[in-house]
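Asks: Chain residues, written in single-letter form:
There are 2 protein chains.
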Amino acid sequence: MHHDLDLHLDGPELTAALTDIASVSGEEGPLADALERALRRLPHLSLTRHGNTLVARTELGKSERVVLAGHIDTVPHAGNFPSKWEGERTRLSGVGTSDMKAGVAVQLRLAATIDAPNRDVTYVFYECEEVNVERNGLFLLARDAPGLLDGSFAVLLEPSGGVVEGGCQGTLRASITVDGARAHTARSWMGRNAIHQAGAVLEILRGWTPRKPVVDGLEYHEGLNAVAITGGVAGNVVPDECVVTVNYRFAPDRSAQQAEDYIRELFSRWPVAILDVAPGARPGLTAPAAAAFVAAVGGDPRAKLGWTDVARFAELGIPAVNYGPGISEIAHTPGEYVETAQITAAERRLRGWLSG
Amino acid sequence: MHHDLDLHLDGPELTAALTDIASVSGEEGPLADALERALRRLPHLSLTRHGNTLVARTELGKSERVVLAGHIDTVPHAGNFPSKWEGERTRLSGVGTSDMKAGVAVQLRLAATIDAPNRDVTYVFYECEEVNVERNGLFLLARDAPGLLDGSFAVLLEPSGGVVEGGCQGTLRASITVDGARAHTARSWMGRNAIHQAGAVLEILRGWTPRKPVVDGLEYHEGLNAVAITGGVAGNVVPDECVVTVNYRFAPDRSAQQAEDYIRELFSRWPVAILDVAPGARPGLTAPAAAAFVAAVGGDPRAKLGWTDVARFAELGIPAVNYGPGISEIAHTPGEYVETAQITAAERRLRGWLSG
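First to last, the protein sequences are chains A and B.
Here the first sequence is numbered in this note's numbering, starting from 13 and rising by one per residue.
Here the second sequence is numbered in this note's numbering, starting from 13 and rising by one per residue.
For the record, the hints were derived by calculation from the structure and aren't laboratory data.
The C-beta atom is built at its ideal place from N, Cα and C for all residues, glycine as well.
Warning: the hint list may mix true and false statements.
Unchecked claim - Stretches of chain B that chain A covers, calculated by requiring three or more beta carbons in the stretch to come under 8 Å of a beta carbon on chain A:
| id | region |
| --- | --- |
| 1 | 29 to 35 |
| 2 | 48 to 60 |
| 3 | 215 to 224 |
| 4 | 238 to 247 |
| 5 | 256 to 262 |
| 6 | 313 to 326 |
To be verified - Simulated restraints, written as ranges between beta carbons of each label pair:
| id | chain 1 | residue 1 | chain 2 | residue 2 | range |
| --- | --- | --- | --- | --- | --- |
| 7 | A | A193 | B | E215 | 48 to 56 Å |
| 8 | A | A357 | B | A246 | 46 to 54 Å |
| 9 | B | A246 | A | S367 | 41 to 49 Å |
| 10 | A | A193 | B | V143 | 25 to 33 Å |
| 11 | B | E327 | A | E341 | 33 to 41 Å |
| 12 | A | Q270 | B | R276 | 22 to 30 Å |
| 13 | B | K224 | A | R194 | 16 to 24 Å |
| 14 | B | R276 | A | R194 | 48 to 56 Å |
| 15 | A | G229 | B | R281 | 37 to 45 Å |
| 16 | A | H14 | B | L287 | 57 to 65 Å |
| 17 | B | D288 | A | R194 | 43 to 51 Å |
| 18 | B | E215 | A | R194 | 16 to 24 Å |
Said to hold, decoys possible - Interface residues of chain A toward chain B, partial, derived using beta-carbon atoms under 10 Å:
| id | residue |
| --- | --- |
| 19 | R61 |
| 20 | G63 |
| 21 | F151 |
| 22 | T189 |
| 23 | A195 |
| 24 | N205 |
| 25 | I207 |
| 26 | H208 |
| 27 | G211 |
| 28 | L214 |
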């Protein structure tokens, strides 16, 4: 189907139009086509397409360049497509409204209406954020054409309730293998029950106290959870193995290596295998570009606890924050919605920052 | 294939011949055919076939009738078929040698050579003991023709190392469901981790002290084990459910209902579902027929800890014991074997009991 986007619509209306072009991860083609046609009409932007990812840049030769980025994919529909207005158009509900068609609408409005910004701006609209990293448009861009992401500061328009969220926590998954010795349950004292032994792992988890370090002025809140447990051979056999999988969410004052060391030390009585790890990102709000941004949009920044693509910019050496309309807590739920007032407010504040 | 059994062979040789007729559960036909032809030639026995189960009875009008029973199936082969002699024919190794072709050989030798026993004897050769109960030949016989199992006492020639094993423990499986509340692991304090909570179930299991009650003079030894544990939703989700499956092996001074009540009480903080339960059997060695048997074969009886078809006779109101050549601990292992001396000894003692 051929979709046309009217960039003269206001932020909330444009959010509805974007929401109603289905773009579940891997199926962003029609939306990327519509965005490409709309952006192509803006003479002050130079446009590059990479897969279903679009990069639109002003080329004004300013001393500073900032990046505004948002993903265009959504999680699968859950009976919540297309969008619906609620109240007196105070809310728009539907899949992807908060996460993050509203943010994309704000990016588009800024791209279409600010032809002479006070700093050079790179607008990135990228694919496949909701699925595994190998397909993530920002990851592919960083790998294949990192120059397109150059800048001194980046804003991800992820839903943050209109508050600046700085940095992000890292995430590590590890499996802890508790062993035992098999025996028939009729003579269980001939064996050693691995599931019973795993109680000691759970005791450590239950007794664990989360760190809440303050990093660059923002307070983080760590988490350590069993996310899976498996054990058992047969209904009459004392099991010889029980595997507990844990997920450690660590504050950005720890590196991935330090997080790994910490988990190995905490469970040093058992073999520990690291399944995956993604480093966090310090908020970096003391960097001049970030401080200027916070001053311009106002409010009290808070720590981002989940992992976001902010960490990807951090790896490229670019300080980044989350700042966008929408509520992250209801993202991925059938009842997802966005407050229209937040869309308008985010656009106004970002416009002030870029045209002040 | 057509097999012929020579009942003039001695016990160990007959064990080898029986072992070399494959009879994995469900495939006992050829062995049952061979047994039927051999037993048919014995004029002092009346023979009934039920599926692949054979019942051969003396009909001498004695005041007492005893049952000698053994299953003719084996677990699947594990590179240990056919049988092999070891040492100076001191051992016969192979699948089913201990469990329980040796016992079947002893039954056959007694059936063939004692034409005027001092009590009426019912020899039962039954199918499918190693698989689920609905296919068990003794279960089917008890259901369809219970009169064929009549008697005042029964001996199961299961491997017991030539020691009389009395009664058997019951077995019960139950699942304990621990609940929690889902949350994203980045904000785990919004949820309640069911796997962590399950640590309290494991604590009860680790701290549990087995009862060792003496029942009718024999000491039992209970067991309570987690045999499975499952929990987990996804790598980034605090799980809202963890299920622990336990197996309780209970001494025969407790009924199935008492065992169930005990488990529900022990884990009263959580929903408990009883998955299956099989009652045990008291040893009943004080009954006259049993006492006479123990006096005749000698040795110190011990408690049977595993569940066996002894419990099935108990349900029919017939006191029963295990007594046979072979070692139960190595049954079902690739290295299964039987000592030839045990075969000869068991035959001699049972002959003394039936012809004294």
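Asks: Next step is simple, just say for each hint if it's right about the structure.
Replies: Against the structure, the hints:
no.	hint	in the structure
1	29 to 35	violated (count 0)
2	48 to 60	violated (count 0)
3	215 to 224	holds (count 4)
4	238 to 247	holds (count 10)
5	256 to 262	holds (count 4)
6	313 to 326	holds (count 3)
7	A:A193 <-> B:E215: 48 to 56 Å	violated, 21 Å
8	A:A357 <-> B:A246: 46 to 54 Å	violated, 34 Å
9	B:A246 <-> A:S367: 41 to 49 Å	holds, 43 Å
10	A:A193 <-> B:V143: 25 to 33 Å	holds, 26 Å
11	B:E327 <-> A:E341: 33 to 41 Å	violated, 58 Å
12	A:Q270 <-> B:R276: 22 to 30 Å	violated, 47 Å
13	B:K224 <-> A:R194: 16 to 24 Å	holds, 23 Å
14	B:R276 <-> A:R194: 48 to 56 Å	violated, 28 Å
15	A:G229 <-> B:R281: 37 to 45 Å	holds, 44 Å
16	A:H14 <-> B:L287: 57 to 65 Å	holds, 58 Å
17	B:D288 <-> A:R194: 43 to 51 Å	violated, 21 Å
18	B:E215 <-> A:R194: 16 to 24 Å	holds, 22 Å
19	R61	violated, 31 Å
20	G63	violated, 26 Å
21	F151	violated, 18 Å
22	T189	violated, 14 Å
23	A195	holds, 9 Å
24	N205	holds, 5 Å
25	I207	holds, 4 Å
26	H208	holds, 5 Å
27	G211	holds, 3 Å
28	L214	holds, 3 Å
Going down the numbered hints, you'll see the structure goes against 1, 2, 7, 8, 11, 12, 14, 17, 19, 20, 21, 22, while the others check out.
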